[in-house]
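> Chain by chain, the residues run as shown.
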Amino acid sequence: MTGNEFPISEDDLQAFVDDRLDDTRRAALQTHLVAHPELADRIAAERRHRALLRGQLEAKFAEPVPARLRVANLRAARRGSRIVSMRSIAAALTIFVVGAMAGWFANSMTPASRAPAPTTSVAQSATAAFRTFVVEVAHPVEVGVQQEAHLLQWLSKRLGRKLAAPDLQPFGYRLMGGRLLPGGSGAAAQLMYDDASGRRLTIYVRAADGTETAFRFQQEGEAATFAWIDQGFGFAVTAVATREELLPIAEAVYRGFEGKS
Amino acid sequence: MADAEALLEPLIPALRRYAYALVRNHDAADDLVQDTLERALSRWTLRRPDGDLRAWLFTILRNLHVSAERQRQRRGPHLDLDTTSPPGAAATQEAGLEMQDVLAALDQLPEEQKSLLLLVGVEDLSYDDAARVLGVPPGTVMSRLSRGRQRLRSILETGRATLLRRVK
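Residue numbers (our numbering), protein chains in the order written: chain A, 458 to 718; chain B, 56 to 223.
If you're looking for bench data, these hints aren't it; they were derived computationally from the structure. It cannot be assumed that every hint is accurate.
[As the list claims (entries may be wrong)] Listed below are several chain B residues computed to face chain A (Cβ distance under 8 Å; list not exhaustive):
#: 1; residue: 63
#: 2; residue: 67
#: 3; residue: 71
#: 4; residue: 72
#: 5; residue: 75
#: 6; residue: 92
#: 7; residue: 98
#: 8; residue: 101
#: 9; residue: 102
#: 10; residue: 114
#: 11; residue: 115
#: 12; residue: 118
#: 13; residue: 158
#: 14; residue: 175
#: 15; residue: 198
#: 16; residue: 207
Glycine included, C-beta positions come from ideal geometry on N, C-alpha and C.
Please model the entire structure based on the sequences and the hints provided.
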């Protein structure tokens, strides 16, 4: 210890391992390490492991890129895939039936005798539907955003309520499409959104008893849900997000539906 | 859209390297990169023009990987019959063994620490960009990085990773 050195933080140590310290700071840290051989050993090991890891992965980086990953080829394939084949329609149908059954069972598993509050039941169904479809890669929605007008008209008709897709672009979420699900005694609609990094969010709507309730927040595993009842319909917004992130979105959705009932 | 090709192509080797370090299987890694590129192309107009393209691509890749892992866990353990082979490094056998240990040891870390060590230590992402990719506040990146590196060191020093690797 020299006594007049400036304090060395763990952040400095990590930045030193990554060679990201400026000259003065690095010199100070090296002096500090001379005085603390145990710490010096640890940092030397961390630097060595970092270098070894880079070395190990160098060959992978240097490999020629396979043809299937060339951007030009991927774009050509994308153009081809727009022609929907019978096979993918069949697959979509299978996934829908399986998903609908999962939703049905998830719904029927909630004990009827206890009769949960309408918002809780809406939140639970919404979470179950979110879980089922949000991991879906091939067919996350039944009707895509390309047919938005058709989708909303269809869902509105089955739901018995005019349904519009709230604009969530200010939050970075874009409509992907939606699907019809069994919900309570009637039908339920699920609209799915995703953001630029692929994170998904769903809006779930179905008929529910009750007139109006406050927002109810529910966290189940990673899935967070805000649910509420408004004029005979239950609404839920679900995403992998914190309460604070989700609240403004739920408020925007609430405002979006309020004027259009 | 014409610029997508020019901007994306130079970043593919780094994406393949990160994907391979995550999944440790060459074909699965390229599948992951392909999914990432397809998603990037379909969201091309939605990317933040001020944001770093590399960080955006790493974010997509990591999110795809994390949700695929979660799905796999829900389906139960999946036993892969294809043994993962190290990339064809022209290293001496001794050096190869030592290096293999670091990659194997990395597999023992939780995904978040593993990604952080790769993104910062190998891909040279800034601490802020790495925080963005992981979706955590910048302040927590340093402590997680520190914990991850110390854990990696203890795994390598006790040789636990080597042992697990051998019986796999």
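> Taking the hints in turn, state whether each one holds.
Hint check:
no.	hint	result
1	63	holds, 5 Å
2	67	holds, 5 Å
3	71	holds, 6 Å
4	72	holds, 5 Å
5	75	holds, 5 Å
6	92	holds, 6 Å
7	98	holds, 5 Å
8	101	holds, 5 Å
9	102	holds, 6 Å
10	114	holds, 4 Å
11	115	holds, 6 Å
12	118	holds, 5 Å
13	158	holds, 5 Å
14	175	holds, 6 Å
15	198	holds, 7 Å
16	207	holds, 6 Å
The earlier numbered hints are all upheld by this structure, with none contradicted.
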